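K.L.:
Each protein sequence line maps, in turn, to chains A, B and C.
Residue numbering for the first sequence follows the numbering used here, beginning at 1 and increasing consecutively.
Residue numbering for the second sequence follows the numbering used here, beginning at 1 and increasing consecutively.
Residue numbering for the third sequence follows the numbering used here, beginning at 1 and increasing consecutively.
The hints are simulated quantities; they were obtained by calculation from the structure and are not laboratory data.
Nothing here was measured: the structure is a model prediction, and the numbers come from that model.
Where a beta carbon is used, it is the ideal one built from N, C-alpha and C, also for glycine.
Some hints could be false.
Below, simulated BS3-like cross-link-like pairs (lysine-lysine); rule was C-alpha separation at most 25 Å, straight line [said to hold, decoys possible]: (1) A/Lys191 with B/Lys14; (2) C/Lys316 with A/Lys59; (3) A/Lys176 with B/Lys193; (4) C/Lys183 with C/Lys316.
Label pairs and their in silico Cβ distance ranges [claimed, not checked]: (5) C/Asn153 with B/Phe68: 32 to 42 Å; (6) C/Thr402 with B/Lys111: 22 to 32 Å; (7) A/Lys176 with B/Ser51: 16 to 26 Å; (8) C/Asp52 with A/Phe9: 51 to 61 Å; (9) A/Ile71 with C/Gly417: 20 to 30 Å; (10) A/Ile268 with B/Phe191: 47 to 57 Å; (11) C/Ala54 with A/Gln31: 34 to 44 Å; (12) A/Asn50 with B/Phe68: 40 to 50 Å; (13) B/Lys111 with A/Ser188: 49 to 59 Å; (14) A/Ala272 with C/Glu141: 28 to 38 Å; (15) A/Leu16 with C/Lys316: 22 to 32 Å; (16) A/Gln31 with B/Gly16: 56 to 66 Å; (17) A/Asn50 with B/Phe191: 24 to 34 Å; (18) B/Thr140 with A/Phe9: 22 to 32 Å.
Examples of chain B residues lying across from chain C (beta carbon under 10 Å, computed) [what the hints assert, rightly or not]: (19) Asp47; (20) Leu133; (21) Asp143; (22) Leu183; (23) Arg187; (24) Leu188; (25) Leu196; (26) Val223.
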Amino acid sequence: MEARLLPYFLILPVTLFLCLFFLYPFALVAQQAFGSENGFSLDNFREVVNYWKFPISMKNTFLLAAAVVPIQLALSLLMATMVTKMQKGRDLVLYIWTIPLGISDLAAGIIWLAIFEQSGFLNSMMVGLGVTEQPVSLLSYQTPWIVFLAIMLAEIWRATAIMLVILVAGIGLIPKEYYEAADVFGASRWKQFTRITLPLLRPSLQTALVLRVILAFEVFAVVAALGGTIFPVLMGEIYAYQFDLQNGGAAAALAIIVLIISIVFTLIIMRALRVPKGATI
Amino acid sequence: MTAVADVVAPDARKAGRGLYRAGVILLCAWVIIPLYLLFVNTMSSPDTVNSFPKSFIPEFNMGSLEFFMGFQGMLRALWNSVVVALMTMVMSIAIGAPAGYALSRFDFRGKELFRLLILLTRAFPLPLLALPLAVLFIRTGLDDTAFGLALVHTTLAIPFAVLITFSLFSGIPLELEEAAWTLGCTRLTAFTKVILPLVLPGITASAIFAFVISWNEVFAAAVLTIENRTLPAFLLQTLGEAPLHLKFAGGFILVVPALIFIFAVRKYLFAMWGIANR
Amino acid sequence: MSIHSKLAGAVSGVVMLVGAAAVQAETLFWSTQARPAEEAQAMRTEVLGGFDSAVDYQPNEDGPWLTRLQAELQAGSGSIDLLGSLHGNFSAMNPDDLMDLSDLGVMSASDTFNGLAKLGTDSLQYMPWMQASYIMAANKEALQYLPEGADINALTYDQLIAWAANVEEATGQKKFGFPAGPKGLKHRFFQGYLYPSYTDGVVRTFASPEAVTAWEKFKELWSHTNPASTNFSFMQEQLLNGDAWIVFDHTSRLAQAFNERPDDFVAFPAPAGPTGRGFMPVLAGVAIPRTAPDAEGAKALVTYLMQPETQIATLKATNFFPVVDVELPDDLPPSVKAAGEAVAKMSGSADANPGLLPAGLGSMGGDFNRVYVDAFERIVLAGQPIEQVLDDQKKQLEKIMTETGAPCWAPDAPSEGACPVE
Chain A
1 MEARLLPYFL ILPVTLFLCL FFLYPFALVA QQAFGSENGF SLDNFREVVN YWKFPISMKN
61 TFLLAAAVVP IQLALSLLMA TMVTKMQKGR DLVLYIWTIP LGISDLAAGI IWLAIFEQSG
121 FLNSMMVGLG VTEQPVSLLS YQTPWIVFLA IMLAEIWRAT AIMLVILVAG IGLIPKEYYE
181 AADVFGASRW KQFTRITLPL LRPSLQTALV LRVILAFEVF AVVAALGGTI FPVLMGEIYA
241 YQFDLQNGGA AAALAIIVLI ISIVFTLIIM RALRVPKGAT I
Chain B
1 MTAVADVVAP DARKAGRGLY RAGVILLCAW VIIPLYLLFV NTMSSPDTVN SFPKSFIPEF
61 NMGSLEFFMG FQGMLRALWN SVVVALMTMV MSIAIGAPAG YALSRFDFRG KELFRLLILL
121 TRAFPLPLLA LPLAVLFIRT GLDDTAFGLA LVHTTLAIPF AVLITFSLFS GIPLELEEAA
181 WTLGCTRLTA FTKVILPLVL PGITASAIFA FVISWNEVFA AAVLTIENRT LPAFLLQTLG
241 EAPLHLKFAG GFILVVPALI FIFAVRKYLF AMWGIANR
Chain C
1 MSIHSKLAGA VSGVVMLVGA AAVQAETLFW STQARPAEEA QAMRTEVLGG FDSAVDYQPN
61 EDGPWLTRLQ AELQAGSGSI DLLGSLHGNF SAMNPDDLMD LSDLGVMSAS DTFNGLAKLG
121 TDSLQYMPWM QASYIMAANK EALQYLPEGA DINALTYDQL IAWAANVEEA TGQKKFGFPA
181 GPKGLKHRFF QGYLYPSYTD GVVRTFASPE AVTAWEKFKE LWSHTNPAST NFSFMQEQLL
241 NGDAWIVFDH TSRLAQAFNE RPDDFVAFPA PAGPTGRGFM PVLAGVAIPR TAPDAEGAKA
301 LVTYLMQPET QIATLKATNF FPVVDVELPD DLPPSVKAAG EAVAKMSGSA DANPGLLPAG
361 LGSMGGDFNR VYVDAFERIV LAGQPIEQVL DDQKKQLEKI MTETGAPCWA PDAPSEGACP
421 VE
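Sequences and hints are given; from them, build the entire structure.
P.N.:
As structure tokens, then:
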């Protein structure tokens, strides 16, 4: 097998698969966004962007992503380093930390609602400890910033494991000898982290960040469970167009807008965390 | 220099270790407590679930779980979910890992575009794609089959498989492979004997994602399978409207198998070779 | 790879065979109703168990229900034999996709329902199956705070507001609950309860001065409402855990509270405004898609569902009331008794002003609902000025009415052509 043709051969199965099961339905759906019986038109996009909830849901989605993803990045890096330094009990701790991965976002929404609702566990604890006399309505529309905090907490709990698993898989490849050499030269923990771990973790960081950001723009179930009607997000609006209003064209248009946003951020991250070329064939 | 470092270190190191330990315990508690609360509510009678203040100790009332055990077709749905998830796992890795390897080792035309395409399959909501896929499946006879659903789930899992294996392959120096070649291995043997064991954490991570994504996916499962329902399609979508105590029991039942699977493969997340800790 | 695909092919072949065999034996009943786990179980065992052949009852959320149905219609073949859903979902469909049920020999007892079920054509597109309504319920602890002279079975909105205010003053908490959550049925409240009670209309009077009063009154009521109501979609939960003492919701979403603790709660009619006591029925129907593999079996199932015994069993299972004339037995669950009495009082009251389900809106039914939901969110949640919001939303409403050409329905006065928004 010629070395030149080998890569194309290797990516052929994936490409065929995705063409059939993604590009084909995507083309059909995207077609809907760009016009009706009258041919090409951007009416659907205009309709979607002019709806009063559009800027609100856009802002909410961005805000949540901007608030949650950096924290998750830092937290998962911290957890990944912690777990690789461990000797005993490492398997168990890693297992515990990846448990949220197995929980669907619907179930996560149910769990955190049980914690935050007025007769929920948090209030039970606060009343029990005497912090407040009466249960506090945490998820009320009058205190949207508390709702936002609750959603942040639930999302951080649920989705940090995504980045953690990717980072742990990558961190194992960094040769121990590097750290030992750094110790010999008296480098501090922090210096080791920034000079050895982070650069060598670049490919994994890029993957983890891109995947997490793309998923962050699609956040829905937890927000719907905790925020109800006061915290609209883009994905919720897409579903509303598709199923409540039965307007496939508008739903597709909004989904394409989200897609474009995802592309932009993916390109930014891929640029910023460019994987060094290294030896290639 | 080392002498100075030794003198300063013990106290700092002890404090550091204490902080480290506290951090680990705190993070473990942070993960476990909400799950424990799910368990408490699952094991409570309907009255307790609706009461205030809530007790933090489970009553071990099996009523909610028993209701689901008696639910017609639960076991079959469970089996279907396992079959679909396993198929997804195998297919996504078999298709995705070669692509990950190609991305890391080769510089070919269209590489960036290809990467972008892979990522973007995750950036478009599946419920919108479900309609044309369902029409396609009905016309080709893949409708209402575990295999058909596994194909859709594989589409969701492939980006993870490709990109994670890519990031791991990128971390293995080409010199290793070249060394194997010079020592007489063919390309394929070098791959399977030298590279593959190193990439095992990546494959494990991809497997976990594939299994979990398939396990928790509900919309496509509800549209594409009727007689051969998977568990989430069976339970999850009506869970949002079930009486409160059933919500928790249902959520609990859904969570446990996924937890068992991750437990089974956890140690493969760490590299097995001498490069990293054992 | 090739061995793998052979294996996969074999597996799918076996599965398909098994699946195909199963499908032929059972009638597939594809429904959006009776979704909660217990109701679905009751449907399967108590209601459909008495049918002579096997029925596979599959409840789904609207999204998958609709997507699967559309896929089968587009592909030209499918496995769904019988559809079960609300009027709103059927009216958004193309009537050509549903089989004509006029000559089945069964019908509902209400001309209004049969008329609605024609979906603007001459033939019966779906069979009215069961009905429900929205009522109010209260924790008995709240009864002591009723205002002087108020009769709980004949409240006015002003009295309701005073009642909620009294409870707030006494307990220090807002105990009125409203299903303002994303899955809550709030749009029906505005269309069928608030607007008829204050403006004696729903489309014509959308932006009238009486409508402004209606929204002002609702804002007043909202000021005594549990602020977490934007999360509430099933008020039985809040009744049971005490977060709300006075609630408004669908009879089937209050059922659990009455069944678990029947002695703690009372059901009563919705309040009346200056132009009467507005209320709206919810109608569920069954229909046969044109791609049904077993249309005869489906028709037999429809006939079975319309029998009085089946209707009573359905009532016990789902808290939806019969649409044919039946003698209600004595052994009904507490929720059915309570709800039934409240609905009867409501529809039988002297000032009853029923609002009908929107008709003739086709696929714009969702947009129509959104006009009212958006008005609520902007006026009540976002605090925007009432007149401005109503004028804004009025433009949307006009667009919908002219595009669909739907004529007015009760309580609006009839119209020639599309219903105007005055």
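K.L.:
Give a verdict on every hint.
P.N.:
Cross-check of the supplied hints:
no., hint, verdict
1, A/Lys191 with B/Lys14, "holds (20 Å)"
2, C/Lys316 with A/Lys59, "violated (46 Å)"
3, A/Lys176 with B/Lys193, "holds (22 Å)"
4, C/Lys183 with C/Lys316, "holds (24 Å)"
5, C/Asn153 with B/Phe68: 32 to 42 Å, "holds (40 Å)"
6, C/Thr402 with B/Lys111: 22 to 32 Å, "violated (53 Å)"
7, A/Lys176 with B/Ser51: 16 to 26 Å, "violated (53 Å)"
8, C/Asp52 with A/Phe9: 51 to 61 Å, "holds (59 Å)"
9, A/Ile71 with C/Gly417: 20 to 30 Å, "violated (58 Å)"
10, A/Ile268 with B/Phe191: 47 to 57 Å, "violated (33 Å)"
11, C/Ala54 with A/Gln31: 34 to 44 Å, "holds (41 Å)"
12, A/Asn50 with B/Phe68: 40 to 50 Å, "holds (46 Å)"
13, B/Lys111 with A/Ser188: 49 to 59 Å, "violated (38 Å)"
14, A/Ala272 with C/Glu141: 28 to 38 Å, "violated (60 Å)"
15, A/Leu16 with C/Lys316: 22 to 32 Å, "violated (54 Å)"
16, A/Gln31 with B/Gly16: 56 to 66 Å, "holds (59 Å)"
17, A/Asn50 with B/Phe191: 24 to 34 Å, "violated (54 Å)"
18, B/Thr140 with A/Phe9: 22 to 32 Å, "holds (27 Å)"
19, Asp47, "holds (7 Å)"
20, Leu133, "holds (8 Å)"
21, Asp143, "holds (8 Å)"
22, Leu183, "violated (28 Å)"
23, Arg187, "violated (18 Å)"
24, Leu188, "violated (14 Å)"
25, Leu196, "violated (17 Å)"
26, Val223, "holds (5 Å)"
Against the hints set out earlier in the document, violations occur for numbers 2, 6, 7, 9, 10, 13, 14, 15, 17, 22, 23, 24, 25.
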